[in-house]
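Note that the protein sequences, when read in sequence, are chains Z and R.
In short: position in the first sequence from 1, add 35, done, that's my numbering.
In short: position in the second sequence from 1, add 103, done, that's my numbering.
Any given hint could turn out to be false.
[As the list claims (entries may be wrong)] Examples of chain R residues lying across from chain Z (beta carbon under 8 Å, computed): (1) Gly129; (2) Ala151; (3) Thr153; (4) Ile183; (5) Asp251; (6) Ile267; (7) Arg271; (8) Gly272; (9) Lys274; (10) Thr278; (11) Pro279.
[As the list claims (entries may be wrong)] Keeping only pairs whose Cα atoms sit at most 27 Å apart, straight-line, the calculated BS3-like set for lysine-lysine is: (12) Z:Lys396 - Z:Lys202; (13) Z:Lys176 - R:Lys181; (14) Z:Lys343 - R:Lys263; (15) Z:Lys176 - Z:Lys401.
Note that these hints are calculated values from the structure, not bench results.
As the structure is a prediction and not an experimental result, all values here were calculated from the model.
Backbone N, C-alpha and C fix where the C-beta goes; we use that ideal spot for every residue, glycine too.
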Amino acid sequence: MKLTGAEIFIESLLKEGVKTVFGIPGGAVLNIFDVLLGSPIKYILNRHEQGAVHAADGFARASGKTGVCIVTSGPGATNTVTGITTAYMDAIPIVVFTGQVPTSVIGNDAFQEADIIGITRPCTKHSYLVKDVNELAKTIKEAFYIASTGKPGPVLVDLPKDVILDKTEFDYPKEAKLRSYNPTYSGHMGQIKRVSKALVQAKRPVIYVGGGVILSEASDELKQLAVLTQTPVTTTLMGLGAFPEDHKLSLEMLGMHGTYRANMAMVEADLIIAIGARFDDRITGKLDEFAQDAVVIHIDIDPTSISKNVPVNIPIVGDSKDVLNKLLTIVKKEEKNWKKDHQPWLNQIEKWRKTFPLAYKQGKSKIKPQYVIEQIYDLTKGNAIIASDVGQHQMWVAQYFKFIKPRTWLTSGGLGTMGYGFPAALGAQVAFPKSLVFSISGDGSFQMNMQELATAIEYDLPVKIAIINNGYLGMVRQWQELFFNKRYSYSNIAVAPDFVKLAEAFGAVGLRAEKPQDVKKVLKKAIDTPKPVLMDFIVEREENVYPMVPSGKPIKDMLLA
Amino acid sequence: MKNKNNKKNPGKNCYTIGVLVENRFGVLARIAGLFSGRGYNIDSLSVAETLDPTVSRMTIVTRGNEQVIEQIMKQLNKLIDVIRVIDLSEEKYVDRELVLIKVNAKSSMRAELLRITDIFRGNIVDVSSDTYTIEVTGDEDKIQAIIDLMSPMGIKEIVKTGKIAISRGSKVLNTP
Chain Z
36 MKLTGAEIFI ESLLKEGVKT VFGIPGGAVL NIFDVLLGSP IKYILNRHEQ
86 GAVHAADGFA RASGKTGVCI VTSGPGATNT VTGITTAYMD AIPIVVFTGQ
136 VPTSVIGNDA FQEADIIGIT RPCTKHSYLV KDVNELAKTI KEAFYIASTG
186 KPGPVLVDLP KDVILDKTEF DYPKEAKLRS YNPTYSGHMG QIKRVSKALV
236 QAKRPVIYVG GGVILSEASD ELKQLAVLTQ TPVTTTLMGL GAFPEDHKLS
286 LEMLGMHGTY RANMAMVEAD LIIAIGARFD DRITGKLDEF AQDAVVIHID
336 IDPTSISKNV PVNIPIVGDS KDVLNKLLTI VKKEEKNWKK DHQPWLNQIE
386 KWRKTFPLAY KQGKSKIKPQ YVIEQIYDLT KGNAIIASDV GQHQMWVAQY
436 FKFIKPRTWL TSGGLGTMGY GFPAALGAQV AFPKSLVFSI SGDGSFQMNM
486 QELATAIEYD LPVKIAIINN GYLGMVRQWQ ELFFNKRYSY SNIAVAPDFV
536 KLAEAFGAVG LRAEKPQDVK KVLKKAIDTP KPVLMDFIVE REENVYPMVP
586 SGKPIKDMLL A
Chain R
104 MKNKNNKKNP GKNCYTIGVL VENRFGVLAR IAGLFSGRGY NIDSLSVAET
154 LDPTVSRMTI VTRGNEQVIE QIMKQLNKLI DVIRVIDLSE EKYVDRELVL
204 IKVNAKSSMR AELLRITDIF RGNIVDVSSD TYTIEVTGDE DKIQAIIDLM
254 SPMGIKEIVK TGKIAISRGS KVLNTP
């Protein structure tokens, strides 16, 4: 029996095991939506396409499954660009389906036409314009395969209207095979042996972990290696949760706003084992002075990440999990008294921890933003999925919330997208309806996708929104304070909606805390309310994030207060 | 394509890369975008179908230090539509360009033009009352040499292909 392209599309999603799709309908995809209505797929109707892509992204980060979006042509498609780039920078598997005008008028500047393939070429892992209904099933198979394998990433599939109307036999391929795409999963044994030797010789080793460890589900192997070899672990912003931050070997986060001991350990290390991380400028600071005397090992599935910024002594292309497993079997045979040999190094790190711990002082009158984060951690014991936006609050969450498990932290690390957090939290809540999901935002960031409150209400997604409200674009203000003589050029956003009333207008619950003693009460009430709740925390306006490595400075040059 | 004139010495930071790609629309845009998006230079690029009509072969001439070239090779490999990439300049290779030169050909100059064309094993492919159009193939140096010789006679128009290249010996670049 012949099926229409629209029917093939839905059948293909079902074959891929897709249960939930995000997006907004429109003219070019009406036929798909007509079939969608009777299908077993749950559609989450967002209120802006950017929100839809972030939601699919949050769904993917929390669950490990590929997130899916369907939007219409033209503006529907162009609105996805920030969401797609966010996913691209952080290697998140999503497939975005966009409507397109009929093939006969492509290039004619037709109504709601946009060259979305051209626009997204640099920010997708791959993209397809389907020109023939006979190619549709195969293309969808390949799209999911490419998005979720190797270094994951977003794939865009553009669907012209005539293609989804045309009919053909439906035959879904069992597997996708591409002669031009064969990611390397298996790490080179000879290189892995060299890593083991280097570890044995090292006196001051550090494991530096990025989001790749979470993507490859290698947290257990990482913990085994760290504990066995008594090697401290620091994570990037993207790596938070890959290693339990309450573990004594955890140095917590490194980099521009990392802990003193994490950055000092990187400076003093004689061996750096980078796993699924990419030596981003927020990590290395001034490149010329980064890891000058250390042997650098880099394990990554993406060859382009290796030796891109920092020269590497032992490169290993492969999947973190595979490489760590192999490394573990070899390291177990090494004869070294790890505990005794690394003790002086661990003692030094402990000294750093005590000298400059993360700290703030909560007074009686104004709420410190860090205090709100700590209270959220205390009340949840880390058993929550936390999404953040971008800016000061993001760094405070990274510093003061102790992430214990992978896939509990959703943040836009690479692109730094304000407006990411709330829709991402909705996506995570869709994936885990029973989990406690927090969306911690700044007042600036939240306003960038607050229309998704309607989505939260419509689908009963009881996300707890905590707005760290300082009436500023806080990180901008901090840089202006420190590097522009306190000239606060357009960073004051004190003119803002009443967030409590805003929540109520959408049908959510709005709460506010203005005094330190209110914080816990408000949080408890929010957690106990089985609805979307927005909490407006009015915090100290000019609090800064410390430590801070000024842009372009070596990471040992931390401003500590 | 940007093609710097008078590149008499390609220099050691000049690399010739052979790339096999899926013969699909949009592939050239991906390759060009990779270079432009990262600020890499393409000195020349030529592309055509191979014996297998589903595969195209590109020859890209680019410049940069070793680290840049390593990134270019890796980034090319990372593109889903790229099947294989080799740096031809790592070993010995043969390369050729084709040039068509439309040059002033007054009767007094015709004998000289014919002689030069002959020396370069070129062909006169078109003649008008006052011009010759000359076809020559060769490596970069040879092409430059004939251009230099023709210049005093008044070159009216010139068109060159990008470089194509193949490794010497039995080594081949094929689909796996």
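Those earlier numbered hints the structure runs against, lowest number first: 2, 3, 5, 6, 7, 8, 9, 12, 14, 15
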